[in-house]
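Chains as they are written, first to last, in our numbering: chain A, 1 to 137; chain B, 138 to 506.
No lab work stands behind these hints: they were computed from the structure.
All clues stand as given, with none of them false.
Pairs of lysine to any residue residues, derived as SDA-like cross-links and limited to a Cα-Cα distance of at most 20 angstroms, are as follows:
#  : chain 1 : residue 1 : chain 2 : residue 2
1  : A       : K29       : B       : R184
2  : B       : K171      : A       : Y25
3  : A       : K7        : B       : H175
4  : B       : K171      : A       : F16
5  : B       : K455      : A       : I2
6  : A       : K7        : B       : L444
7  : B       : K171      : A       : P20
8  : A       : K110      : A       : D87
9  : A       : K7        : B       : L173
10 : A       : K7        : B       : T440
11 : A       : K7        : B       : G439
12 : A       : K133      : A       : G95
Predicted model, so just to flag it, every value in this text is computed and none were measured.
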Amino acid sequence: MIIPMLKGLMLTFNRFFSRPITIQYPEEKMPAAPRWRGIQYFERDEQGKTKCVACGLCMIVCPSQCITIETAEDEEGRRYPLTYELDASRCIYCGYCEEACPVSAIFMGKMYEWVENERKPLLLDTDKLLENKKVNP
Amino acid sequence: MHLLFLLIEIIVKSVVVFGCLMLSVAYLTLMERKFLGHIQVRFGPNRCGPFGLLQPFSDMFKSFFKEDLIPGQADKPLFVIAPMLTISAAIGIFAVIPFGDQFTIPRTSWIVQLRVADVDIGLLYIFGLASLGEYGIILGGGSSGNKYGLTGSLRAVAQMISYEVALGLSVIGVIIIAQSLRLTEIVRLQGGGLWHWNIWAQPVAFLLYLICGVAELNRTPFDMPEAESELACGYNIEYSSMKFAMFFMGEYAHMVTVGALAVTLFLGGWQPPLPALGFIPGVVWFCMKLFVLLFFFIWERGTFPRLRYDQIMKLGWKVLFPLALINLLMTGLVYSFEVVSWVVPAAVGLFFLAGILIYFQLVKKPFKR
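Take the sequences, apply the hints, and build the full model.
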């Protein structure tokens, strides 16, 4: 009865002098897990434009229906997204769009800190998705 | 003129002691949170100011601006008086504790005794006030018109009364040795180095005092009155704002006073551990010893789980109370036969007795219903 109590005291005493394992969040950050699914980004092709061919597969597969695409064709007959809109406030980060994409245009990123005061900035279009590539090396 | 100077001296001393006590209470809360954090391998509060040093003040301002709520079911006068009783009793105890030797003010012949009041019934005063502090908890829980509060204060009554018996008995050994209730006298007799401290003559009493003191403080192994998991918050469940803060401060001030009393009675008060170290002022030694005891209080809080209610009662009445009685008997015997040099062997014998007693009470029949 007494010896285990003393053992417990010794244990906590040793713990007292050990280094805390807390990660001080805003100063130090945990790297995201390798398969982490953050907000999406677009890959660029050789001309610096989006690789997206506006096939609409991501729009169909998206369970929360947060992707809307309007398709257009350029003069060479290539299809491209006239508007590509991803409503990040509705996205559930399932990653189906990345899986469905036949041309490897859309990817799930690593960014997990994103807060806005309004809904407007949460609507991502093609340019913003291309911008997101910068925070996902 | 002399009387006027005396009055000024007393007022200055009271204000300084009160200020130091409140400041140490504020930083004790921070220290407790920090140390508990490090015991649990994390940092404590470290956001507010450098190393979280402004945390007590932010807590204080927060509780100032909270709504001061009195429940409709509550007995209003008692509900308001209860926190005041707790905190005033806890602060009042500190008035008689000698925290240093005397010193002469430079270029005058005025001698300042480093204590607020030198009462010749110091220990009685302390136990009287400590019991008064219990009324705060009892009235606070009982008058709040809440079942949890009432249960908490009922438990507090039972626990504090049982443990006060052993606490009082453990202190009587020291009184027998010192032949005085005056705290300054008790400290003076312990002068002349580490080996003159009462802890060597009364080791069992010291342990009993620590255990019962923790029980009186309602701290973790014995925190029945505010068992979070069972009673939500216990006796202070309906309190908010400054009333809650007063309960909180009273609790921590009581913790400081229990530690200070243990230092005074058993650890030589402000006397240095070696006579050669006498050049360091007594206040420093007093604070260092007090810090060690406060660290112990926090340390054991971080270690031990809460006892069940019947276990607390069993420990109090079947282990600590007989031990205190045996300790008292042995001290009285040794002292009445005037063999003071036998005090140490008697203490050793007491350890054996304690071992036998604990064996029969706990090991052979461990805590069972």
